[in-house]
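Go ahead and model the full structure; you've got the sequences and the hints to work with.
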Amino acid sequence: MELNSLRQFLVVARLEHLSGAAEELRVAQPSLSRTIARLESELGTPLFDRSGRLRLNDTGRLFRDHVERALGELDAGRRAVDEAASEGVGSVRLASETFLTLTGPLAAYKRAHPTVEVELRWAPAEDMARHLRSQDVDLCVASQPIPAEGLESVELLDEAVGLAVPLDHPLAGRASVSVEELVDQAFVSAGRGHWQRRLLDRLFAARDLTPKIVCEVDELSAIAALISAGLGVGLVPAFARSSSTQVPAAWVPVDSPDCRRAVTLYWGADSHLSTAARLMRTTIANWNWITGEPQEKR
Numbered sequence: 001m002e003l004n005s006l007r008q009f010l011v012v013a014r015l016e017h018l019s020g021a022a023e024e025l026r027v028a029q030p031s032l033s034r035t036i037a038r039l040e041s042e043l044g045t046p047l048f049d050r051s052g053r054l055r056l057n058d059t060g061r062l063f064r065d066h067v068e069r070a071l072g073e074l075d076a077g078r079r080a081v082d083e084a085a086s087e088g089v090g091s092v093r094l095a096s097e098t099f100l101t102l103t104g105p106l107a108a109y110k111r112a113h114p115t116v117e118v119e120l121r122w123a124p125a126e127d128m129a130r131h132l133r134s135q136d137v138d139l140c141v142a143s144q145p146i147p148a149e150g151l152e153s154v155e156l157l158d159e160a161v162g163l164a165v166p167l168d169h170p171l172a173g174r175a176s177v178s179v180e181e182l183v184d185q186a187f188v189s190a191g192r193g194h195w196q197r198r199l200l201d202r203l204f205a206a207r208d209l210t211p212k213i214v215c216e217v218d219e220l221s222a223i224a225a226l227i228s229a230g231l232g233v234g235l236v237p238a239f240a241r242s243s244s245t246q247v248p249a250a251w252v253p254v255d256s257p258d259c260r261r262a263v264t265l266y267w268g269a270d271s272h273l274s275t276a277a278r279l280m281r282t283t284i285a286n287w288n289w290i291t292g293e294p295q296e297k298r
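Last residue of the sequence shown: number 298 in the numbering used here, and the count goes up by one each step with no gaps.
Honestly, the hints are just simulated from the structure, not real lab data. Keep in mind the model is a prediction, meaning the values are calculated, not measured. A portion of the hints provided could be inaccurate.
Dumping the calculated EDC-like pairs for lysine to aspartate or glutamate here, alpha-carbon to alpha-carbon at most 20 Å [to be verified]: (1) Lys-212 with Glu-181; (2) Lys-212 with Asp-201; (3) Lys-212 with Glu-180; (4) Lys-212 with Asp-184; (5) Lys-110 with Glu-293; (6) Lys-212 with Asp-255.
Distance ranges between label pairs, derived from CB positions [as the list claims (entries may be wrong)]: (7) Glu-159 with Leu-43: 27 to 37 Å; (8) Asp-49 with Ile-290: 34 to 44 Å; (9) Asn-286 with Glu-16: 38 to 48 Å; (10) Arg-14 with Asp-184: 15 to 25 Å.
Cβ coordinates follow ideal geometry from the N, Cα and C atoms, glycine included.
In structure tokens, the structure reads:
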């Protein structure tokens, strides 16, 4: 089996769409179809169900997991050789749902290691475990739990999430607000799958309620600005209140013990981490989120 064929298979498996995969890979769709057919012939079994839309079947998912691990090991080997040959610290790849929380430790890391190549990648939490096991990235930071099998982790921050409202909103200045009081409020929210949206949906579902979402955005930095502009209310973590990009809005505690987020750093238990990745893991894990400075190693 050719490595290029395996890499192409992973794209088709991820998208479950031949023309979309061909466009991403910049190859002709008939050529990509022949590649997948050749792989299935070598394995002696179909990898996709073709009744209607293309779907990865159980055998395909099994093969995908092995291919991801195999290609990840090859890439890790290449990076380890590069690091040894250059007698340097290598590079580091970090994935996160949001980088606003991480600007402090990332800036400190770059000041301490200016020659290290740092690759930052946005990723939804649901994809992080797969990226770590296949060694597409070295480290992940998530604001919601991810499957921990084969991973190690350290909790970075556990904080309250409150309700951000415009300064002239009737709820501004309240000591707290219950979820039931928010049933008719217009919410500005992140898209489905993001920790903020999942928390919002979970809080309401626990009370057999549904939030009224009037604005759903992928540009997370715009949420607070839209709230400040009077377009609605929204859930905002306590950390954001001390951000240098804070916009005018009132922050009201939500009267629910479950209205919190836990930010966690993950890495592969058996993955080879470059010196650069280990140094970044230490920097992030030992950051003092209250003072915005490094703290003693833990």
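Consistency of the hints with the structure:
With a C-alpha separation of about 12 Å, the suggested pair Lys-212 and Glu-181 falls inside the 20 Å cut-off, and the hint holds. Distance check on the hinted pair: Lys-212 and Asp-201 sit about 10 Å apart at the alpha-carbon level, within 20 Å; holds. Between the alpha carbons of Lys-212 and Glu-180 the distance comes to roughly 12 Å, so the proposed pair stays at or under 20 Å and holds. Annotation: proposed proximity of Lys-212 to Asp-184 holds, straight-line Cα distance about 7 Å (limit 20 Å).
At most 20 Å may separate the alpha-carbon atoms for a hinted pair to count; Lys-110 and Glu-293 meet this at roughly 14 Å. A distance of roughly 19 Å separates the Cα atoms of Lys-212 and Asp-255; the hinted pair therefore holds under the 20 Å criterion. In this structure the hint that Glu-159 and Leu-43 lie 27 to 37 Å apart at CB is violated, the actual value being about 48 Å. Against the hinted window of 34 to 44 Å, the Cβ-Cβ separation of Asp-49 and Ile-290 comes to about 52 Å, which falls outside the hint.
Take Asn-286 and Glu-16: their Cβ atoms lie about 41 Å apart, and the range 38 to 48 Å holds. Our hint of 15 to 25 Å for Arg-14 and Asp-184 is violated, since their Cβ atoms are close to 40 Å apart.
Against the hints set out earlier in the document, violations occur for numbers 7, 8 and 10.
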